[in-house]
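K.L.:
The lines below spell out each chain.
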Amino acid sequence: MTFRRRLLGIFAVIIIATVVSIGWAISVRTREVFERIDNQRTTALVQQFQREFQRRGDDVFRRVKVIADNDSVSRMALDLAHGGDPATYLTEAAQQASAHQLDFLEFVSADGSIISSAQWPARFGYKEPTQAFANADKPFLKREELQDGTALGLFAAKAIGVGEQPIYVLGGQRLDRDFLSSLSLPSGMHAFLYRVQDGAFNPQALIGAAPNAPKLDKLAPLVHKVQQTGQDATKIVHWTGDLRDAETVNAFPLKGEDGTLLGVLLLAHARRDLVQFLYDIRTVAFTVGGAGILMAILLSLWMAARFTRPVEQLAEAARSVGAGNWDTRVDIPNTDELGELAEAFNTMTHEIISQRARLLQAERVAAWRELARRLAHELKNPLFPLQITVENLLRSRDLPPGEFDEIFQESTTTLLAEIANLKTIIGRFSDFSKMPHPQLQRIQVNDLLKRIVTLHEPQFNAPGKPPINAQLHLADALPEIDADPDLLHRVFSNLVLNAMDAMPNGGTITVRTYEQSDNIRIDIADSGTGLTPEECSRIFTPYYTSKQHGTGLGLAIVQSVISDHRGSISVESEPGHGATFKIELPKHLSGALQADTAKVG
Amino acid sequence: VPSYEGAPDLLAGLVFETLVTTDDSGRLAPGLALAWTSPNGGYTWQFALRTGIQFHDGSALTSLAAATAFSKSPISGCKLRQGGNLVEFACDSPQANLPAMLSQPRFLIFATTAAGDAVGTGPFRIEKRDSEHFFLKANDDYWAGRPYVDAVELVTARNPRDQLTDFALDRADVIELLSDQLRRAQQDHTRTDLSRPSETVYLIVNSAKPELRDIRLRQAISLVIDRSAIHNVIFRRQGEVAGGLLPNWMTGYAFLFPVAQDISRARRLRTELGSVPPITISYDIADPLERLMAERIALNVREIGVNMQAIGSNGGSSDLHLKHVAVPSADPATALNGIIEHLGIMPPANSPTPESLYTNERAAVQTYSAIPLLHLPKIIAMKDRVHNWTSSPTGEWNFAEVWASSRAITREGRP
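So the protein lines, in turn, are chains A and B.
Residues are numbered in this note's numbering as their position in the first sequence, beginning at 1, plus a constant of 6.
Residues are numbered in this note's numbering as their position in the second sequence, beginning at 1, plus a constant of 455.
Hints listed in this document are in silico derivations from the structure and should not be mistaken for laboratory results.
It cannot be assumed that every hint is accurate.
Only some residues are given here: those of chain B computed to face chain A with a beta carbon under 8 angstroms [stated by the list, open to error]:
1) R561
2) L637
3) A684
4) V688
5) R751
6) G760
7) Q764
Reference listing, derived: stretches of chain A covered by chain B, where coverage requires no fewer than 3 residues with Cβ under 8 angstroms from a Cβ of chain B [as the list claims (entries may be wrong)]:
8) 93-107
9) 117-131
Ideal Cβ placement from N, Cα and C applies to all residues, glycine included.
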């Protein structure tokens, strides 16, 4: 990953994280605030409902009291107290209930016998336990058995004490759909009433909801919780997948006079406004956040570009210098650290150019000196015999002809030999200056190495010399490569001869081949005297030699040939532990070499 | 009478007559037949028709006309012959109660006009019929003398509350009252008249219902019903609780049939039954007392763990229903057979002696397919301008002897 991308990433992450964090914090805080407001509103609405509920209870209480104070009811009580026939008043409760708009009304004697029942006239004579309401001085909830099932009612009781035994007026309003719908509920709120019954939650027992309304089972956990704890409970009920359809449902236990849980009042308050508002906030947050993130990315791009452009310029300049363009300069107008870095870079390249020029000049001088020394050395050896021979020939001019002829013959022979030697020396220099271009063909290096070892086998075991052991460790199925077999033959022969020279006391020459990904590698190692690090560093320099004889061109030619094959050669050695020459040659060379040839052409 | 289905009982004695009638004491009295005799111990009965009697269309009542009317309601095991002014029934077995049987409304004598209408010989003829209204006009040629009133308008299928309204608004001179209305009427000093218990309320079991085919369930239901509470409270002690099919005034042994609620025995029977599905009892929605009674029965039955639901009759089938059956004759044996036949409890049985009558009635009761609940009187209220009202033991209205003050009654209740 580039520095610019990394920088861009860091900038972007920091800014996005900041924007998201701020957005999240605002959203959470806003949600908390509005939840609290909503809870306060719900509490207010619930209190309003409870007041309305209480008011209706008081209304029932008042109506029951009015009935108890009614003249006809008083007469009835008086008549019954004096042994009147209860049958006479069988329909009295129904008439009074109708007149006072009560759903339930019963006249009950002191022993609990129903004298008259509006809701179930046929129950006359049956018992209604008076202890449940005899002392009730306020409205209470009561479960009422009816012909078609059970109903919940908001009841009130009043005793009429005209005789020794009182008669009770027990009246109430049915808590049903009509009752719930008649309550003055705040907007957005609706009420359910669950009649507690045995067994699991039954949607049919839920008053105020459409009987077949779907998903009423979602209220079951809330009802169950109230049944379990007997305490108020609240739950957000999601009727559909749309959060706006959710409602906050407050559940309140409805208990009878004896504390028995008779029903659960459920007040549902729509959350649509709240959720819609939160949606709006979230939309705004997303929009602002998105815009912020977009701006952050653009800003990051700009900042990253601002920071990394000088670095990239420096990197490009460094690459250019690496490619040989020593006069590359970096033009960064900044006055900051990057500007100083660019200035230092420019100074560095300037110094490198200057030092390189001096180095080249020094090397050139040294090379000429070395060449002169080598030429002098090489030429001095044949010249000295030439000089002695010519001088001897001049001195022999005064000798008798027979002796002169003999000396002359020997001298000319020597002269010719030395001249030939000079020509050989000159030819070697000429050959180095005119190295032929590789003529490529597919060759098997293993075969070539085997031939070379075989060629030098007699020398390894030459009589009178310490024996040299040659070991071949050649890779199986080594691929053929593109190479000039004659030049490589010369290279490997040179290295083998060098190895032999390095082992005057005998030793082992080890030849190994390896296959690498795109190359093959040839190691030629000896167990000779080894090289010093300085010798290792200079051993491929032309005209350098550590031997008493030789021109110092052998390894230079070897390096030249390997280089012409787009390969590389190196040496590893320690004094006393032999030396290993490592050659890497590409498997395929034709195209590249032809291209280079064309380029050269 | 097919043409006037829906009000035959009411029209009996007014428009149509029988060969034999009953007097106030329930004894047989001559009707269209002046005399009757059985020369061979009940195998053959000969009825001598009154002479000079005409149907309302002017045709004469002949033995042939009477035989034609009887052919619409044949008596099983008896062949009909006629000749002169005699109508003769020749039966395969002795029919001691045949004259009493012929006093039942189902043996009214009528003729059929060319238009297909039935005409009778009674003191009133049907002037016009409009749905549930019968406009009767005095038969000037009535053989027993012209009625005092010129016309009578009968309104049928009128619920009790509307009847009271009609009565209060002077739209009606005579109305039926329910038992619970009697006390108020008496408190209001309204003239009332109660017949003897002449109508029995039965709980009819729909034996097509599988769960009710078990007689133990039917018996348990009969045992758990609190007849006394129904009688005392709902029907204000009018009539009598019924354990048998016939009221006590007819037989004198009605007390032999148990009527007390026996919950423990009912529960034992219920326990033997195992699971019982919910059952329904229907009632006439126009009759508030019947509704109350049905609901009370349902409440009683719940005490033995059977869920019974009272439903207003809407033509649908129910497991049980309440039915009012008028005592068809003042003669006990005739009445018993009439009831048995009417309810389809069992085949009619010959009851020549009180013992056999009791045995037959007990057998009918113990089928528990029609559970008697109450024997009720017929209660009427009448205006002060109605005079000379005479009660019939079986509750028929006898306008023939009634006369009224001159104030005319209009539909609007204004003179």
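K.L.:
Against this structure, judge whether each hint is valid.
P.N.:
To see whether the hints hold, each was checked on the structure:
Interface hint status for R561 (chain B): violated, as the beta-carbon distance to the closest one in chain A is roughly 35 angstroms, over 8 angstroms. At a threshold of 8 angstroms, the smallest CB-CB gap from L637 (chain B) to chain A is about 11 angstroms, leaving the interface hint violated. Given the 8 angstroms rule on beta carbons, the hint for A684 (chain B) holds: about 5 angstroms separates it from the nearest Cβ of chain A. Because the smallest distance between the Cβ of V688 (chain B) and any Cβ of chain A comes to about 4 angstroms, under 8 angstroms, the interface hint for this residue holds.
Hint on R751 (chain B) holds. Least Cβ distance to chain A is approximately 4 angstroms, under the 8 angstroms limit. Annotation: interface hint on G760 (chain B) violated; nearest CB of chain A at approximately 15 angstroms, more than 8 angstroms. Of the supplied interface hints, the one on Q764 (chain B) holds, with its beta-carbon coming within about 7 angstroms of a beta-carbon of chain A, less than 8 angstroms. Judged by the Cβ-Cβ criterion of 8 angstroms, the segment 93-107 of chain A is covered by chain B as claimed, because 4 of its residues qualify and three suffice.
Under the rule that three or more residues need a Cβ within less than 8 angstroms of chain B, the assignment of the segment 117-131 of chain A holds, with 6 such residues.
Hints 1, 2, 6 from the list above are not met by this structure, while the remaining hints are.
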